[in-house]
Every structure is written in structure tokens, then in C-alpha cells.
Amino acid sequence: MKNIVRVRNNCRISDVVSIARLNDEGPYVPASLVQSRNFVVLHHKPQKPRRQNPKALIAGERGMGKAEKERLNQTLNSHLNTIHETLQLLDQTPASSLDKVSWEEVVKTGDQVSKQATIVGMLWTGEKPELKAVEENMAAYFNTLQGFLLLSHGSTVGAGPTLSSCIHASVKQVVDCSFKLMMETVSSYGSHNKDLKLEVPRLVGSVWEACSALKNPATNITAIGRAMTQVAVSVKDVLRELKELKPTSSNLKDEACDDGAPTAESGVQDDDNSSDGELGNDLSPEEMKIAQSAIGVVSETTVVIRELIRTITGMLKQEKPDDGSSFVDSLEKLLKLCQEIGVQIDELGACLYPHKKLSL
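Just so we're aligned: 144 in my numbering is position 102 of the sequence shown, and the numbers increase by one with no gaps anywhere.
Honestly, the hints are just simulated from the structure, not real lab data. Backbone N, C-alpha and C fix where the C-beta goes; we use that ideal spot for every residue, glycine too. The reader is advised that the hints may include incorrect statements.
To be verified - When the alpha-carbon atoms are kept at most 27 Å apart in a straight line, the in silico DSSO-like pairs for lysine-lysine are as follows:
id: 1; residue 1: K222; residue 2: K170
id: 2; residue 1: K150; residue 2: K257
id: 3; residue 1: K142; residue 2: K222
id: 4; residue 1: K111; residue 2: K174
id: 5; residue 1: K288; residue 2: K278
Unchecked claim - Ranges between beta-carbon positions, derived for each pair:
id: 6; residue 1: N119; residue 2: D279; range: 40 to 50 Å
id: 7; residue 1: P203; residue 2: E169; range: 47 to 57 Å
id: 8; residue 1: S367; residue 2: S233; range: 25 to 35 Å
id: 9; residue 1: Q188; residue 2: R352; range: 46 to 56 Å
Produce the entire structure from the sequences given, and follow the hints as far as they go.
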């Protein structure tokens, strides 16, 4: 930029500079003055901006990032408290006069929670997200999660203790996975954590799995049938362990000697395989007789539980939404008896199965 000022021949250059400064709008300073006849040409250039201290810039960014993170933590804690309060509803039995929410609606809302988890993963696996975007995403996620909890509570209308417990466990799993996902992302906000891009997809996958587990149909009969199946599996494990019981090797040798069979090779084999004996291979003849009797009892118990499960499975087509509480109560009592039998079978197996002495 140039300013050309007409001056008298006897005018001093300093006067021209003063006049030029008064006429200028911006903060210009003369770089050079060139005098030609009765004209003075002033070359102006703007002042260079002051260089800011890089450390000051970094400190300012850190301060701003810390304030944003504190704000996100406060927002997250507010959402977590709201979900905790809503989750307590599941511990309360809903009034029977309320309309029952179908399990299909709960599953659909669970799918929405999965979609929100996917959005969280997309938001945090790229560049650092904006504060507003994180807050909006957080609000949308927890609003969906709260709706999921309310619908889950409505689905427990008319549910027995077993079904209510199953629903509570499934819902709690979704909530726990959601909490871990949101807490991990907020705690990593503003940091240069390279592992975050690997951790977030894993946590998102946990939410997906928890929501997918909701797709199993939830009715009183199916819940009770599954609980009985767990008892049957436990009883079968005890039966398998009892069948593994064997008498001591000395008893086997005595029987072999009584039969006139050679014992040289068997003695070598016993030395190779014994090493203080395997667990359950040191029962006396009297103990083996008791074990055989117990095997018969446990085997018959397995047959009874299997028949109960088959009968309950046949009731699936008969269950209706308006079934009275007496029907559910009868099944719950039957399940409780089966569970008590399962506990007694476990104790029976523990008494018969010898404890292995550990050599230090």
C-alpha cells in the first residue's frame, strides 16, 4: 500500500510522516521514504502479529479440554443416577391391574439400544468428537435405555419369581454393558489413547450380545423349564462322577490272584499308572457297594426330572396371557422341589467322592 502526499520543497520528511499517520485508518508504520522533486512517497506495511507462546496455547487447550471433560462427567453421572433409579423398578412387583407389555416390544427396544451403541462406536473411533455431539449422543442413548427399562418392567406383569429373575438378569446385563461403554468413552475424552479405537468396538460388541440374548421368548413356562434343565444338568454331572469311582488297585490285585491270573505285568502297570492313585480310585469294597446304590438313586432322579421337563415343555402351547397366578404358583413350587432335590444330590456326590490329598 502506498500513500502519496504532496508537500512543499522546504517541508521536512518527519512532518510528512506525521500527516500520513493522521490520515491513515490502520496502524501503519513507514518502511522507507523516497523523495522525488516535490513529492514524497511513503511505503507502508502492516505490523506483524505478535507470536503467541506455544506453551501458553497448549495450556489453554488443556484447560479447555479439562473443563469439557468435567462437564461430560457431570452429564454422565446425571444419566447414570436416572438409570439406577429406573432400574429399581424391576425389584418391585407391578400391579396386576396394569397392562402387560409383550416381550416382543422389549426386544424391539433392545434393538434400538444396539443401534445407539453402534452410533457411539462410530462417533468415538474417528477423530475427537465435538462436545455437543457427545452430549447429544449420550442423551439419545440413555433415553433409549430408560425406555427399555420401563418396558421391561411392564413385561413382568403376571410373571412368577423365576421369570422375573430371568428378566431382571437379562436387563441388568444390558445396563452393565452400556455403563461400561459410556464410562470408557467419557473417561478417554481429550486423551490420545490409541487403545480406545480397539476398546470401544469390543464394548459395543458386548452391548450387542446382551441385547441379542433378549430374543429368547420369555414366558413363565420357558423360564421354569430352563431352570429345571439346569438342575438336570447338575444331577447328570454328579451321576457321571459317581460312575468314575473305582475300587483300590489292591482290591483289583486280590481279585486277579483269586482268579489265578498272573500279576507280574499288572504290577508293572500299576506302578506306571498309580502315582499315588487317581482321584476316586481308592474306594474299599464296602464303599463301592454304597456308591453303586447311590448311582441307582441318582440315575432314577435323572429320569424323574427328565419327565418333568418333558411335561412342562408340553404345556407351552397351553399357556395363555390370562392364566391365573395359581397355575404359575404350582409350577414354581414344582421347580423349588426339583432344586432342593438337586442340592441333596450334590451333597450325596460330595460325600461319596473321596477328597484327594495334595502333597506339598
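Which numbered hints fail: Of the numbered hints given earlier, those the structure breaks are 3, 8 and 9, listed in rising order.
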